[in-house]
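Enquirer: The listed protein sequences derive, respectively, from chains W and Y. Sequential numbering of the first sequence, starting at 1, is according to this note's numbering. Sequential numbering of the second sequence, starting at 1001, is according to this note's numbering.
Hints in this document: simulated from the structure, not taken from any laboratory. Only a predicted model underlies this, so the values are computations on that prediction, with no experimental measurement involved. Hints are supplied without guarantee of correctness; some may be wrong.
[What the hints assert, rightly or not] Once the Cα atoms are required to be at most 27 Å apart in a straight line, the calculated DSS-like pairs of lysine-lysine come out as:
| # | chain 1 | residue 1 | chain 2 | residue 2 |
| --- | --- | --- | --- | --- |
| 1 | Y | Lys1045 | W | Lys68 |
| 2 | Y | Lys1109 | Y | Lys1079 |
| 3 | W | Lys24 | Y | Lys1042 |
| 4 | Y | Lys1042 | W | Lys78 |
| 5 | W | Lys78 | W | Lys24 |
| 6 | Y | Lys1097 | Y | Lys1002 |
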Amino acid sequence: DAGVIQSPRHEVTEMGQEVTLRCKPISGHNSLFWYRQTMMRGLELLIYFNNNVPIDDSGMPEDRFSAKMPNASFSTLKIQPSEPRDSAVYFCASSFWQTFQETQYFGPGTRLLVL
Amino acid sequence: RKEVEQDPGPFNVPEGATVAFNCTYSNSASQSFFWYRQDCRKEPKLLMSVYSSGNEDGRFTAQLNRASQYISLLIRDSKLSDSATYLCVVNVAGGFKTIFGAGTRLFVKA
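Could you put the whole structure together from the sequences, leaning on the hints where they help?
Expert: Rendered as structure tokens:
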């Protein structure tokens, strides 16, 4: 299995631009999670989906952030417009959720720098 | 108060040492617990789940104390390759919400 795939791996953009991060979960997994990691705040859960349905987006910092999961094999996290404080590593993770003990498998992350 | 708190670290230990990390959580309804490991500039990876009865995996032992809302990780006979950040992770009951601690950095030196 290829594991969780994220693209791009690195993104440098200017303030005000739209940024779209992509994630392909592990085949057969039914849950998908988006995280953001910074030195100051650590790893924060932004949103999670179960069976392609957003379950909890309370971690999304503000309306500039949106996430979609149109099918079981693809999800996007969009920032529009981007700001310098959005600079972080964004991880996507997936799991096969049946009980609370399921392991989350993380992708390699997208390193975002907003100038 | 943070929902999951860990020893701040960093821990600097020689090879062969035993080191213990602690973690406390605030939500008494928390359902499941894990330790993840994150290497520098890499993604987090599951190290081990933490069960009520405690569990061991080679040199690693994890324990859970629900009454005190406390989780621990013990690493025996530390190796250079154990150098990483160790993240305490809690799943809140009733949903998928996963909360990561800030992590504890471990440096094992020769």
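Enquirer: Tell me, which hint numbers fail for this structure?
Expert: none
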